[in-house]
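> For reference, the chains in residue letters:
2 protein chains.
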Amino acid sequence: DSIVLSQSAISPINIALIKYWGKVEDTLIIPLNSSLSLTLNTDDLATRTTVYLSKDFSQNTLVLKDHPSEFSKRLERMHEVIRSKIPEDGITVGDAKLSKQDLLEMKAKVVTENDFPTASGLASSSSGLACLALCLSKAYGCDMGMEEISRLARLGSGSACRSLFGGFVLWDRGFEDFKELEHDLESVDNKSRAVQVRDELFWPDIACVIFVANDKKKETSSTDGMKTSVETSEFLKIREKVVVPKHLEEIKEAIETKNWPKMCEIIMKESNSLHAVCLDTFPPIFYMNETTKSIISLVHELNKLHSEPVGAYTVDAGANCFMITKKAYVDTLVKLMADLSHLNEDVINKYDFGTFPESERFDIDSQKADLLREQFKDKIELKRIIVTSIGGGVKLV
Amino acid sequence: DSIVLSQSAISPINIALIKYWGKVEDTLIIPLNSSLSLTLNTDDLATRTTVYLSKDFSQNTLVLKDHPSEFSKRLERMHEVIRSKIPEDGITVGDAKLSKQDLLEMKAKVVTENDFPTASGLASSSSGLACLALCLSKAYGCDMGMEEISRLARLGSGSACRSLFGGFVLWDRGFEDFKELEHDLESVDNKSRAVQVRDELFWPDIACVIFVANDKKKETSSTDGMKTSVETSEFLKIREKVVVPKHLEEIKEAIETKNWPKMCEIIMKESNSLHAVCLDTFPPIFYMNETTKSIISLVHELNKLHSEPVGAYTVDAGANCFMITKKAYVDTLVKLMADLSHLNEDVINKYDFGTFPESERFDIDSQKADLLREQFKDKIELKRIIVTSIGGGVKLV
Chain A
1 DSIVLSQSAI
11 SPINIALIKY
21 WGKVEDTLII
31 PLNSSLSLTL
41 NTDDLATRTT
51 VYLSKDFSQN
61 TLVLKDHPSE
71 FSKRLERMHE
81 VIRSKIPEDG
91 ITVGDAKLSK
101 QDLLEMKAKV
111 VTENDFPTAS
121 GLASSSSGLA
131 CLALCLSKAY
141 GCDMGMEEIS
151 RLARLGSGSA
161 CRSLFGGFVL
171 WDRGFEDFKE
181 LEHDLESVDN
191 KSRAVQVRDE
201 LFWPDIACVI
211 FVANDKKKET
221 SSTDGMKTSV
231 ETSEFLKIRE
241 KVVVPKHLEE
251 IKEAIETKNW
261 PKMCEIIMKE
271 SNSLHAVCLD
281 TFPPIFYMNE
291 TTKSIISLVH
301 ELNKLHSEPV
311 GAYTVDAGAN
321 CFMITKKAYV
331 DTLVKLMADL
341 SHLNEDVINK
351 YDFGTFPESE
361 RFDIDSQKAD
371 LLREQFKDKI
381 ELKRIIVTSI
391 GGGVKLV
Chain B
1 DSIVLSQSAI
11 SPINIALIKY
21 WGKVEDTLII
31 PLNSSLSLTL
41 NTDDLATRTT
51 VYLSKDFSQN
61 TLVLKDHPSE
71 FSKRLERMHE
81 VIRSKIPEDG
91 ITVGDAKLSK
101 QDLLEMKAKV
111 VTENDFPTAS
121 GLASSSSGLA
131 CLALCLSKAY
141 GCDMGMEEIS
151 RLARLGSGSA
161 CRSLFGGFVL
171 WDRGFEDFKE
181 LEHDLESVDN
191 KSRAVQVRDE
201 LFWPDIACVI
211 FVANDKKKET
221 SSTDGMKTSV
231 ETSEFLKIRE
241 KVVVPKHLEE
251 IKEAIETKNW
261 PKMCEIIMKE
271 SNSLHAVCLD
281 TFPPIFYMNE
291 TTKSIISLVH
301 ELNKLHSEPV
311 GAYTVDAGAN
321 CFMITKKAYV
331 DTLVKLMADL
341 SHLNEDVINK
351 YDFGTFPESE
361 RFDIDSQKAD
371 LLREQFKDKI
381 ELKRIIVTSI
391 GGGVKLV
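Protein chains in written order, with the numbering used here: chain A, 1 to 397; chain B, 1 to 397.
Looking at chain A on its own, in the form it has when it is part of the complex:
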């Protein structure tokens, strides 16, 4: 009777290029608009989760970095949906046959860990929930495709649904017209999930450099922030109606045609649009600090120096700045940023993208470097730089 089922998975984080901001249904986490993200490589940032199922457990427990706690409401909801999908005739594990009833009598213990730098403000919960959705659904023997599992992950933490896939991922909001929310919420709930736009091998030139800001202040949680935005921001309405649909079409086209300058432009405009909405929220929400703003100005400066954009910044609900760039540009960028922020090498992760001929690199002459050093003196305070690339979605291990 003391059978313990277990299932492990590893999950990436994803960075939204077209941002998710605002829910139209809070419990089910139906987003105001569709969003699109880039999945990052689990070699550099990953959440590892193991789910144990047993009748011996007295309650559902989540152990996060050695700290046990009860399931949150959202996690409980996701768990219940998964249990409702247990196959009618049970499952077979090795020699053991477990009935549906056996499985329903089990409780779950979830052990999850991530290798993100402590207090880096990186989206650990979304990565964790993606991992968990996959582990739980597999452990209970549910017969579900990745898109269905993506919907489950969404119930746990909205943007988690995008970590199910690698490469460029679209989270379709699940409805065309707001009326559908009233008339057929169940169908919207089923349709609001992620799909892969292009896999992680499609555009291998791309890298992502994360500038982890040295921020001490407690930030408005994105859940609270977007709720207030929905209630108070006039600009959020036009984001939903005009800006996001336009940016989505444009970025899908830019990805498909590998139009790097266009993609960079959309990424930056989207990020600015999100933070403009935060500022238009009442009371206003400020996520970007002086460091974030200086990096943004710096990226615009750098993009003027090269024959094509060196990269695009994108900022979530925090002060960290993600720079989408090309592998060929990373060395120069990291060196410059470490220099400008007086950062020690030991807080920059190891990476190896190979070497690139001069014609493909982006170099800054020493005179220009001096000017940048002068312009951004004491303005960029970083805690860490994480260099990574595009990666695959959550995987069983």
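No lab work stands behind these hints: they were computed from the structure.
What you are looking at is a predicted structure, and each value in this text was computed from that prediction instead of being measured.
Treat each hint with caution, since some may be false.
If several chains are the same, the list does not tell them apart, and a pair holds so long as it fits within one copy or across any two.
As the list claims (entries may be wrong) - Below are the BS3-like pairs computed for lysine-lysine, each with C-alpha atoms no more than 27 Å apart in a straight line:
no. : residue 1 : residue 2
1   : Lys262    : Lys227
2   : Lys55     : Lys252
3   : Lys241    : Lys227
4   : Lys109    : Lys395
5   : Lys55     : Lys73
6   : Lys252    : Lys237
7   : Lys227    : Lys304
8   : Lys97     : Lys107
9   : Lys395    : Lys107
10  : Lys237    : Lys350
11  : Lys262    : Lys237
12  : Lys97     : Lys379
13  : Lys23     : Lys246
14  : Lys237    : Lys227
15  : Lys109    : Lys179
16  : Lys241    : Lys179
17  : Lys246    : Lys395
18  : Lys241    : Lys23
19  : Lys55     : Lys379
Once you have looked at the hints, place chain B on chain A.
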């Protein structure tokens, strides 16, 4: 033949409560939307201008704080419009009779000075142009009402037109429909001018405290900034169509009914909306720094502590923060801000609004003050505090 005509005036600055951002016609300075401002007291901040007209001058000269320069293009344009309004039968000055031709042969020398703290980033040009429009039109003997002179001031510097009047002032953009700009620009040019909504005596309780930020960075000029916003910001369109018309109606109603909480709310939302547009501009424009943002957060905190809002912040194209408050609250606010920013008393101007009974004041108990001191420690860096009140418009002296 060496007659020198002279005319002097003193002009206030005005602070926009409903912001002007964006031109639909650059040369004539026709604004994208109407705006509404509060004229501040010339006892505390003023521009003094004297215009000399003489045939002996070889060219038009502007002497600003002892630095002579040629007229700018805009000033030249304003000057030409004024000269086109010289009375057909000339003017009489003392015993001398000057023909229209005499006047047209004269050149102008303008000497202008202001008592704003050096490099405070306060809108000196708009105050100066209001002064100049009045002086020049009077010196040339033009028969014009204040609203017509306001239109002239607009040609020199858009927001200058609002300094012609005291109290609450509306700058009507001059058109209902964009088609008028194509079909009858001349009429729009004539209608785009300021009118007084309520004079400086209407709501005497109000005070304005200007927190001059200690900002070193060179800012995007508002002329350049709004041009880029018009070209790139999707949110600016909705500001013109929806947000500003709504805020204008609401604030006019709030002024008329002296609805202080409502007025404060609109002022703050408007300011946030402007800076959200700046952030939505591409590349984004950042005017607010950490100090500005901290003052904004502080005002929201303070407003929770009292039975009515203690005040409203409003920020123009710079890091300075204007707080619209009540005279009864000024002592406490100034003391708190000087404390939080470690400001010396000698950079706070003298003011005397009398004393107020405890029931009308806003007091912060020492426990709360400690919490605020903790929360805003090292976050507010001020150069100066200027306390002022509502004042009258530009005046001949």
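> Taking the hints in turn, state whether each one holds.
Here's how the hints hold up against the structure:
no.	hint	verdict
1	Lys262 <-> Lys227	between (31 Å within a copy, 22 Å between copies)
2	Lys55 <-> Lys252	neither (47 Å within a copy, 67 Å between copies)
3	Lys241 <-> Lys227	both (18 Å within a copy, 24 Å between copies)
4	Lys109 <-> Lys395	within (19 Å within a copy, 78 Å between copies)
5	Lys55 <-> Lys73	within (21 Å within a copy, 84 Å between copies)
6	Lys252 <-> Lys237	both (22 Å within a copy, 25 Å between copies)
7	Lys227 <-> Lys304	between (37 Å within a copy, 20 Å between copies)
8	Lys97 <-> Lys107	within (18 Å within a copy, 103 Å between copies)
9	Lys395 <-> Lys107	within (23 Å within a copy, 81 Å between copies)
10	Lys237 <-> Lys350	neither (42 Å within a copy, 46 Å between copies)
11	Lys262 <-> Lys237	both (25 Å within a copy, 23 Å between copies)
12	Lys97 <-> Lys379	neither (63 Å within a copy, 63 Å between copies)
13	Lys23 <-> Lys246	both (19 Å within a copy, 25 Å between copies)
14	Lys237 <-> Lys227	both (13 Å within a copy, 24 Å between copies)
15	Lys109 <-> Lys179	neither (39 Å within a copy, 67 Å between copies)
16	Lys241 <-> Lys179	both (15 Å within a copy, 25 Å between copies)
17	Lys246 <-> Lys395	neither (32 Å within a copy, 51 Å between copies)
18	Lys241 <-> Lys23	both (14 Å within a copy, 25 Å between copies)
19	Lys55 <-> Lys379	neither (56 Å within a copy, 54 Å between copies)
Checked against the numbered hints above, the structure breaks hints 2, 10, 12, 15, 17, 19 and satisfies the rest.
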